[in-house]
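Sequential numbering from 38 applies to the sequence shown in my numbering.
Just so you know, these hints were derived from the structure itself, not from any lab.
With a straight-line Cα cutoff of 25 angstroms, these simulated SDA-like cross-link-like pairs (lysine to any residue) come out:
hint, residue 1, residue 2
1, Lys52, Leu95
2, Lys105, Trp92
3, Lys52, Pro96
4, Lys107, Trp92
5, Lys52, Leu84
6, Lys52, Leu65
7, Lys52, Ile86
8, Lys105, Leu95
9, Lys52, Leu89
10, Lys52, Ile71
11, Lys52, Leu42
12, Lys52, Ser79
13, Lys52, Tyr72
14, Lys52, Leu85
15, Lys52, Thr90
16, Lys52, Gly78
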Amino acid sequence: QLFALALINPLQLFKITAVFNIRQNLELLGPAGIYAIRTYGSQLLPLLIGLLTLWVILPFLAAIQLFKRKGVL
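Please work from the sequences and hints to get the whole structure.
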């Protein structure tokens with residue numbers, strides 16, 4: 038649960054991704070990091086990058102829809 042909550046926050050998600058890229062393990066983050074490594078293994082980095090990408094794309098698409106509805110675009 039703790040790791041899932043961390044993935045909801047884009048700043049925390051970026052921090053986890055950065056630490057994982059630098060150290061290739063998340064023991065630095067404590068129990069949540071160890072859980073993530075054991076649960077997701079080699080799929081952790083693609084998962085983190087995919088979630089970061091969603092944090093960019095989804096708000097962008099929502100903004101486009103809002104601007105179209107308001108007649109700005």
